[in-house]
Every structure is written in structure tokens, then in C-alpha cells.
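There are 2 protein chains.
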Amino acid sequence: MVDMLSFNSTDAEYIEELTGYVAIPSVSRDATAETMRSAAEWLAAQLAFADGRVVATEGHPVVRADWLHAPGAPTVLVYGHYDVQPTGDLAEWKTPPFELTLDGDVIRGRGVTDDKGPVFIVLKVAQAFIEQEGALPLNIKFVFEGEEEIGSPNFPAFLREHADELSADLVISADGAMWRPSEPSLSIASKGLVTLDIEVTGADDDLHSGRFGGTVANPVHALSTILAGLHSADGRVAVDGFYDGIPSLSEERRAEIAAVPFDDDRYRAELGLDELFGEAGYSTLERLWERPTLEINGLKSGGKYTVIPHSATGHISCRLVPGQRPERVIQAITDHVLAQKVTGVRVAVRPDKAGVPAYTIPADHPAIRAATAALEDVYPGQDVLLAVIGGTLPATALFEEVLGAKTLFFSFSTADEKLHAPNEFLRISRLREGMRAWEQLWRLLADGPHRLAPVIKSRPER
Amino acid sequence: MVDMLSFNSTDAEYIEELTGYVAIPSVSRDATAETMRSAAEWLAAQLAFADGRVVATEGHPVVRADWLHAPGAPTVLVYGHYDVQPTGDLAEWKTPPFELTLDGDVIRGRGVTDDKGPVFIVLKVAQAFIEQEGALPLNIKFVFEGEEEIGSPNFPAFLREHADELSADLVISADGAMWRPSEPSLSIASKGLVTLDIEVTGADDDLHSGRFGGTVANPVHALSTILAGLHSADGRVAVDGFYDGIPSLSEERRAEIAAVPFDDDRYRAELGLDELFGEAGYSTLERLWERPTLEINGLKSGGKYTVIPHSATGHISCRLVPGQRPERVIQAITDHVLAQKVTGVRVAVRPDKAGVPAYTIPADHPAIRAATAALEDVYPGQDVLLAVIGGTLPATALFEEVLGAKTLFFSFSTADEKLHAPNEFLRISRLREGMRAWEQLWRLLADGPHRLAPVIKSRPER
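Residue numbers (this note's numbering), protein chains in the order written: chain G, 1 to 462; chain E, 463 to 924.
It is possible that part of the hints are untrue.
[Stated by the list, open to error] Partial chain E-side listing against chain G, Cβ under 10 Å, derived: (1) Gln-547; (2) His-670; (3) Thr-775; (4) Pro-824; (5) His-827; (6) Asp-878.
In case anyone wonders, no lab produced these hints; they're calculated from the structure. All C-beta atoms, glycine included, are put in the ideal place defined by N, C-alpha and C.
Bound-form chain G, shown alone:
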């Protein structure tokens, strides 16, 4: 690399600026429209150099910006989101979730690593280019949504309506995560997602457990039986048809995964566990990267008071791999659950909208090669691993379908940073590493041996 931007702010200055962004509690599941808009406006203001603007749409607004003053250069679309997950139990947070807190070499707060910090990195790189070179090295469109954490219910329609305006040779996602802190990595796939609730209901109201106990079925008993039956003891999902369509794992891929340095014991210890567990017949990393899962994310019923609850609900999510179809998975689970024999209660399966299939980008795609070179520049002497994102990025399948463009995941979040959990954090070192890497990525895609070739648009009929 010849050109190098100067990132002139101190870490403290960056953190102070990011503090204001994290302070906006943009929980897409339940924040007010005003709060969500305020987060969107924060972003739009940062993108003033590219006509940053908040675009009203169904649901929470989208933030858009365009800098298209590099004629002949490739065009990339930068994607991210400004919404965050709910905090969960506040009592489990060491510090208030929306007060960004410096703690040693990390900063802690809801959304700091998913996805406010990684988006902040992109903003600072773009601003530095404009300030120091008067231009970006290639044409960049920005699109940031506010509903990623609730499954992007309205983003597909937005994309379809603005397909021409958003066309690009490549999408680069500031969402996603490096899979661990110890070495640089790129993701060549992300898992799909379906979510649903299993609800068991009994009497019209909660009943006093003494005055009615023994006379009626308890919905929690039935729910427990149903949930217990979703897996067999060997960790396999016990739902007929759940694994349909998944190609068997090739010996070649097994060998590749086996070659990745991965210490089961250390991983286990870092999570505070006595043992790991999962589907029989696969290594830990094979299960994480190549196999689908069905997890119960939460339970809701009654409380610590002496009632027979009138309802009991299990919240379920499945992470899907290539070959699985979201609607088929939901149907298989529904059939399985409704076939269970229960007495004295009613059972309903309620799928959420917006199932998302798994997504892949070929390991030899030009964007993967450029990104590898950029990471090698920032992390000299380290191999760049090609990993799989266990998480789900609903927009990627859409970008391919609607824009005909592949998505490169280029995030400086790390998978251990308590995404979606209490005490979410971001490593401070990632801020500067990320800025340098995005700078190099853009330069590489714009010019030289890794220059991004225009993609032949294979946009389907709409």
C-alpha cells in the first residue's frame, strides 16, 4: 500500500462520539418511532458528505447516502443497521446498557458491536477520505436499516422499490463478525433463520394451584413434554424432515475444517462450561458452521406464585444451512408439535414472518480475494481464515435476488463480544484495525490487481 489515511482522533475521542450513538436506545422490537428516528438521524448527519438522509418507509426508516463521483470506478453498496437487540434482564448488566462504558481494553453497551461500532468505523473511514483526499476511491452507496434485529420485515419491499437506485457491483456488509479475536477471518456463508412460538393454553385464567390443583391439566407440563421431544438424547433435532435438503458434509470440507486451529477445551472454558454438546457425529466446528440448529430461546409462563398458569410459551429459533427451505422447516416443526398427544390443553404453533434462507459467497470470489489482501495488510504475518457466520444476515439473500450482487461480510465485531446478550462489548483495538482495513479494501477494489470487475447483473424479472 502506498496511500495511508491519517486517523487523527484519539481513541478517547472516537469513543466519546460513539457514546452518543449507543445512548440512543434503538431497540427495534419495542422502541418508540421517535427513538428509532433519532438513531437514523444520527447516522444521516454523519453521512452529510454523501447527502445522508432518513427515508421514511414502512416500519422504522432507512438511512441512505450516495457518493458517486468516481466515474469509471466500481460501485459498492455499504450495508449495516442502526437498530439493536432488547437489553434482556437489566440486572445482568454490569453497567447500564445504553451508557457506553470503557472497561480496560473494551467498551461495553447495547449495540456497540452489533452493529453500531462496526458502522461507525465505516463512517470515519469515509470522512477521512473526503477530508484528506477530497474523494472516495470508488463510488459508494450507503443503506442502513432499522429492523435487522427483528428479521427485516420491511427491508425486502424497500430494496425492491429502490433496486435501480441501489444497484452496485458488490455489497459490503458492516454487519457480521469475525469469528474470534485471535486471527483475522472472512465469512463465506451465513446461516438462515426461522423463528416461531409454541403456545400451550389451558383455562381462561391462571388458577390458584391449591383451589384447582389436581383437576386440570397444567399447560407447562404439556409444553415441557413438547419441548423435551424436539431433540433426541444425542443432540439431533428429532423433527421428521428438519434436515431435508442438506447435502452431506464432504470429506474435503471436513478436512478444511479440521485444519482450522480450534481448541475445544479453551472454547469450553471461555464459556464457563464443563462440557460442550451438540449433534452426534460432528466436531464442534462442523456443528457450528455446517449444521442447522433448533434452539429454545426463551420460556414464558406464570411466575413464582402459586398458580396453574393459563398459558405457557416457548420461543424457538432455527439456524438453517444451505439446502434447507425456511417454509419447509416451519411446516416440519408444526407437524411434529401438533402430532404430540396432549390432554386437557390446546397447542398452537405460531411462526413469525420473514424466514431467511442460508447464504453463501464462493471462496474464490474477487471480493474475498481483495478482502483477504486488506486483512493481511492490517494483520501482517497472520493467515486469514475463511469461516462461516453462525448468525443470520437477512439482507444478503435479498441483495443477491434483487440487485444481483454478492455480499462481502466485512465487520470488525468478534463473535465472543456478547452479541444479543447482556454486557455486549467491542474491543477498542478493532476501531483502528477496522478503519485501516476498510481503507485498504476500498483502495484495492478501486484499482490495481484486485480491482473489482463490474458484475454482470443477473437481476431476475420483478
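Dock chain E against the given chain G, drawing on the hints supplied.
Same frame as chain G, now just chain E:
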């Protein structure tokens, strides 16, 4: 009966007065000390004629009063409580729980039937006696606690410390309930209670279900399996030793119960159920009155967001019958749960303090005979049923142990009035029926053929 008090207030005036009492949100589980004290002071003020006073003690205070100006007459101790259950989900209440609301022929609000309304009845009867006759017909001590709904953790010590001061020939409890609205009933037993939590823990924190899915055991799966295994499919509790010590149900008692008018179908329909359910081999009423239960009262884990929760808890309560020992039941459940094979998670059983054994009063006890006569007076032409309270009144076993006195349940609550649940209510007609019945009960115990004989105190060494 010759003497009859005049209850001069209108229903509306009574309801208005009771509204002020219900408005104090005296939820013993989580109200402030100030709120609890305010409810206690409301009671004490009502008892001014008997030197009503709030007595500070460990936990929420006790309300005491004594009217002992009937030399030679028997002495009764009136028991009740001023604390209430938590509201549960506010969204399920038709009207705000602490705003007593008139709705047709019922009044709705948290605590109105358990136990604020039934206590209010006693207050009004005593006040009417003082106003109209200048005296009560017998000596009465009053003791109202503020921790009944959390298992009376401090009341035993209070009773023991004040045993001489509280000595009486009979305890009359304004807590409890008639088991249904259609006919008068007296309770000759109440079930015991033990409560405990089963907690399954996994990793140190909630984990993103994509980034960690497939690699670790999910505590909810293990909890579901454990909870599902607490019962067999025929409704029996599948815990070895749970039923130990319970005498088998005699043919005589079965015949008595079979003679009680009880319509399974109507009961089922009133609860909004398609079918009833419970332990195989027993009728609905046999299960309700004579058999112990194990119920899961609530579940707590994660939520509707895509995590693998780090913990999952089931709240359990068991209603016990005579013969079962609380500590043995807890041990049996603990042994059963810890014997389950689980992988990758840790399981703990956490019993709460204050297990309570079941309680009985003989059907031919003098107090039952007097109470039967009082109810026959108020409900002419109706048989008085001898029923069992499925609920638990922790104080009763204590009264027997510490004061050597039996307890008569004499409440004008009804079991269907959504005790402990949202939309708790009290039938307005019960106010006047209750006042008349308490009046007659006191008169009968004081004089005439049902006069209460002094009990030979069998107080054990302390």
C-alpha cells in the same frame, strides 16, 4: 336467633370504604415497607374499639387488637392477613388491580377476596356489636399478618413470642374460602405446601443462538426434560416417595365425596376447558380434596430473542395432604431431579423455606357444629357441605402447635373468585351474608347449646 344487628350502611358505602383498603398495594412479595405499614395502619384504625395497633416485628408488621370485656365467656382469636399476591401481567386485568371496580354483582381488585374483603366483614360485625350493644358477645383477640402470601416466614416466631397474649379457645380464620358459590360450606382441612425452584444453568452468559448454536447444551432443553419427567402420562407424580405416608382413601370417604353434588361438566365449562385432567384412579373431587399435587407455577428463561439462555428456571409448588411431610417431599423431588442425566449443564434444586404440612379439624368439632348452625341461619333450607380447602393456610398448623387451639375457617370468599390470578373479585352479596353469619357464629359460640367449651391447652414445651 333472637338478637339481630342492623348493618346500617348501604352496599355502596361498604364498597367505598373497602375501595380505600384495596387501593393500598400491599403486595408482600415486593411492596415497600411504607406501603405495607400503610395497609396495617388502615386495619389498626378500624380496630380502634379494641385498642387496634401495628406491632413492628421481623418482616412486615402484625396488626393486633383485643376486646376482653366478657368475663366468663369463651375467647376466640380472629386471624386474617392484609397482604396480597402480585398482580401478574397487568395486561390481563380488565381494570387496574388496585382500583376496586364495581362490575354487576361483583367487585374486582387485587386482594378483595383474599383476604381484604373477608377481613372487612369481621371489622364491620365487631363495630356493629360495639355500636348497637356496647359489647361483643365473647372475648375476641385479633391478629392480622402481612406475609401470608409469601409463606408467613416471620409469623411463627411472632406467635411463639406472643403465645400467652394470644391464647384462645378457638382460632377463627377470615382467610380461606367457600369452595363454590351455590351452597354454603365449611372446610375441615386445608392442604400443605412446599415450593422450590429447579434451575438449570449453562454458559456464563446468554449466547447468540447463531454464533454459538450447535456447540453447547441449551439449559431450556434440559429443564424441559426434567419438568416433563415429573409426571407420568396418567397424571401421577412420577417422583419416588412423593406419595409416602398418605393413607389410602377409605370407601367411606369416597362415598361421602360421591354424595356431594358436583357437575364435572359444568366445572370444566366454567374454566373454559375442553376436558379435565388429573391423577388416574380418582374422581375430580377426590383429586381436589384428597390427593396431593405437584404443579409448575411458572417458567423463567431468556425471551423472544435469538439467544441460547444461560439459565432456565421452573417454579414448582406441591400441595400436600395429611400424612406427607414437607421436608420428605422436598427431598424426594430433589433426589429425583438430580438423578436425571443431563449433559453440558448444571442442575440445582432450591427449596424455599417455610414448608407447611396439611391441616385438619374433625367434622364433629364444636366449632364446626356452631358454624354449621350459623350458616344454616343465613342460608335457610340449604345443606352445609363439609369441604376441603385446596389452598394452604400456613398459620393453622402453627396455631395448633403453639396455642393448642384448632382453627375454624370462616371466610366469605369463594374459590372461583380468581384468587392469586388477574381479575380477582368478590361477590357483593357475600358482604351481608358474611356479616350476618359472623354475628350468629359469635352469638352461638358465646351462649346456648353451641357454647364453646374452654379447650384444654395441649401446648407443647417451648
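The hints, checked one at a time:
1. This hint holds: Gln-547 of chain E has a C-beta 6 Å from the nearest C-beta of chain G, less than the 10 Å allowed.
2. The beta carbon of His-670 of chain E is positioned within 10 Å of a beta carbon in chain G (closest approach about 5 Å), and the interface hint is therefore held.
3. Interface hint at Thr-775 of chain E: satisfied, since its Cβ lies 9 Å from the closest Cβ of chain G, which is below the 10 Å cut-off.
4. A cut of 10 Å between beta carbons decides the hint on Pro-824 of chain E: the least distance to chain G is about 21 Å, and the hint is violated.
5. For His-827 of chain E, the shortest C-beta to C-beta distance to chain G is roughly 22 Å, which exceeds 10 Å, and the interface hint is violated.
6. Given hint, Asp-878 of chain E at the interface with chain G, holds; its Cβ is 8 Å from that chain's nearest Cβ, closer than 10 Å.
Checked against the numbered hints above, the structure breaks hints 4 and 5 and satisfies the rest.
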